[in-house]
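Participant: Now for the letters of each chain:
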Amino acid sequence: MFNFAFSSISEAILMESQNGQNHGIYVWSVFFIVFGALILTFCIYKNKIRNLSKKIK
Amino acid sequence: MNILYFEFLKLRKKSRGWLGPILVFILIMTAFPLTVEFLNEDLEQAFFSILWIAVLLVMMLATEDIFLEDFNDGSLEQLVIHTESLSFVIGVKILIYWALIGIPVSVIGSIYCLGITSSYEMALLIFPVLLISSYIFLNLFCFGNSLTLTKGSVLGTLITMPLLLPLLVVLGKVVIAINLGLNYFDFLILLLGVLSIIIVTIPLIISFVIRAHLE
Amino acid sequence: MIMTYLIKAENLSYKINEKKLFQNISFEVNANSALHITGSNGSGKTTLLRIILGISKPTRGSIETNLTSDMCYLGHKNALKQYLTVEDNLILQSIQHNKPLDTLLKDIDLYDKLDVVVSNLSFGQQKKIALLKVFLNESELLVLDEPCVGLDGKAQTFLTSFLQEELGKNKSIIFSSHINLNIDAKSINLDN
Amino acid sequence: MIKKFIHQFASPKTYLKQVDKAYSFIFFTSLSIYLIAIFWGLLLTPEDFVQGHSYRIIYLHVPASFISQSLYLGMAFASAIFLIWKVKLSAYLVRSIAPIGAMTTFIALVSGSIWGIPTWGTWWAWDARIISTLILFIMYLGLISLHDSFTNNEKADKFLAILVLVGSVNIPIIKMSVEWWSTLHQSASITITQKPAIDPSMLYPLFASAIGFTGLVICLVILSSKLHILDRERNKSWVKDYV
Chain V
19 MFNFAFSSIS EAILMESQNG QNHGIYVWSV FFIVFGALIL TFCIYKNKIR
69 NLSKKIK
Chain X
11 MNILYFEFLK LRKKSRGWLG PILVFILIMT AFPLTVEFLN EDLEQAFFSI
61 LWIAVLLVMM LATEDIFLED FNDGSLEQLV IHTESLSFVI GVKILIYWAL
111 IGIPVSVIGS IYCLGITSSY EMALLIFPVL LISSYIFLNL FCFGNSLTLT
161 KGSVLGTLIT MPLLLPLLVV LGKVVIAINL GLNYFDFLIL LLGVLSIIIV
211 TIPLIISFVI RAHLE
Chain G
849 MIMTYLIKAE NLSYKINEKK LFQNISFEVN ANSALHITGS NGSGKTTLLR
899 IILGISKPTR GSIETNLTSD MCYLGHKNAL KQYLTVEDNL ILQSIQHNKP
949 LDTLLKDIDL YDKLDVVVSN LSFGQQKKIA LLKVFLNESE LLVLDEPCVG
999 LDGKAQTFLT SFLQEELGKN KSIIFSSHIN LNIDAKSINL DN
Chain S
2 MIKKFIHQFA SPKTYLKQVD KAYSFIFFTS LSIYLIAIFW GLLLTPEDFV
52 QGHSYRIIYL HVPASFISQS LYLGMAFASA IFLIWKVKLS AYLVRSIAPI
102 GAMTTFIALV SGSIWGIPTW GTWWAWDARI ISTLILFIMY LGLISLHDSF
152 TNNEKADKFL AILVLVGSVN IPIIKMSVEW WSTLHQSASI TITQKPAIDP
202 SMLYPLFASA IGFTGLVICL VILSSKLHIL DRERNKSWVK DYV
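Chains as they are written, first to last, in my numbering: chain V, 19 to 75; chain X, 11 to 225; chain G, 849 to 1040; chain S, 2 to 244.
Check before you lean on any hint, since a few could be wrong.
Just some of the chain S residues that point at chain V, by a computed CB distance under 8 Å [what the hints assert, rightly or not]:
1. Lys18
2. Leu45
3. Ser55
4. Ile118
5. Leu228
No lab work stands behind these hints: they were computed from the structure.
Virtual Cβ for every residue (Gly too), placed ideally from N, Cα, C.
Can you make the complete structure from the sequences, with help from the hints?
Facilitator: Structure (structure tokens):
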């Protein structure tokens, strides 16, 4: 259960499946989209709150 | 009784309000065959989807300024002050709109249906469905337009259209049911049930919204 | 005779978007009396009238009414359908076509305008038609928002004398106006 | 009684103070849970027999789509409280949840779409759940534009709450109807009533990622509501002290 499913980093990036297709591109693009969206939203809100606080002061 | 007559008078004398949507409906239904190849089969396949969308669009256009005019000229204020039940008046208003726009559109829709499928049975069966669905469309668009009263009907449509999708699914299924000779009356009862819920609730919600607008 | 109030307001305040419009307005309107609401533009005269009518709710304070009939209200918007004729508009306002109406129409020079579409009339003429409802009212309380705007001198005197007459008929009036009408009225000012 | 209690407890001022205390705790806990869960799910769990490695998208996709619907439920709940008890705070919450809901729905939509390429062979299928997610996305945007189109905020709050409630009645109907219309999507892998259909070793990280993602989204809602409250109450004296 806690063993790596991949033996090397390049394998983890490519994620070659049993049917021979490389699924890495899908998995990692979703990964970056999700994290990108999260980070972006956090940054936007933090920034907006900071600007508004300055204005109110 | 008075309210019924007043609303009738208001709409009947405004021909762009009721004749306009009907003519637009006829135009859409006449224009669509021009976009498909001149073969009856193609026409028949596309006909019903065009029909439902056309009804939807026309009801959207018809309700565009249903409350806006009364709001702008101050009639709504008078209504709120003088009537016991605002929701009843709103219900009557929607009924009049249905009688002057929904019913003619349903009749014309069935005639087009007869013309394209050349089946009397189909036209006959589709008529009540058109009547009920146009009434439901009207109610929901009225709700959307009452929310966005002064902000234009594009926003109203944007927030109402998602609410209408289930109805479109049902309408699609009705046509299949008629074609296969299946449980048509079950669908009719389903639609009637939905309509009876909507007839009661939507005017209540709209009257709440309108009071909030005037506040 | 026991004086009972028709409308009693206590400490009314109103806010829009957290901004104060007016605060702590109190008044009482009895039968046979008039109340003149004054104040500069944007001081909340119309809002106060709408609170009295029950359309808007005050942010703070209370208002009690003691009426047996609907109020008769004429606001900035005259509630006329622009695309209908004067006659149809009168039907919509449940005004019967009878003798008193005819004499009234002659008094305000509108007798020959009955079958004219409202949008073809001038602002003042439209205002007069809207006022017909006030002239023929059967309410205890008249609420008028700037009734004189757009009226010519003749119509203004007609209106004032009508209102003064109404006061004698056990009716009350609440109105807002920049012009001082010749009516015996208490007045409150909304400016601080 | 209840009304008084709610009003006292749910003043924006106390809300912000409480939330500020909890914020960093929620943020760091859920962030670490989420990172561990994603690491576990993306790199440690075994390959799926049918879908290959592409199934790993489940750890990113499912939490987002679960949250996007729960947020709407939360909005409906807050709207009801607002309309019944006139609690201002819940009106603020409804408005501040909407953009976060739109964001998570967007993530669910895009990740599902990408997941569709290897598994269904197409990035867009006229499938029930995709359609209802798309509709949900549009509804969120509609809610935001409805609120923003009014300059009188009190009115906007009321209309938004009404629309959210009407929509909350309609969302299950939309889901049912489009499901009835056609379906291609695999049925939900985990339901409350039935035993889960996937292997526990794949399930635990899924739960963990759902919890972590929920925590992060809660943090976003906190930030969004803070922004909204400060904006709406900027003329009040406590805001100046707070800032």
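Participant: Please go over all the hints and tell whether each is borne out by the structure.
Facilitator: Against the structure, the hints come out as follows:
| no. | hint | verdict |
| --- | --- | --- |
| 1 | Lys18 | violated, 15 Å |
| 2 | Leu45 | holds, 6 Å |
| 3 | Ser55 | holds, 4 Å |
| 4 | Ile118 | holds, 6 Å |
| 5 | Leu228 | holds, 5 Å |
Of the hints listed earlier, the one the structure fails to meet is number 1.
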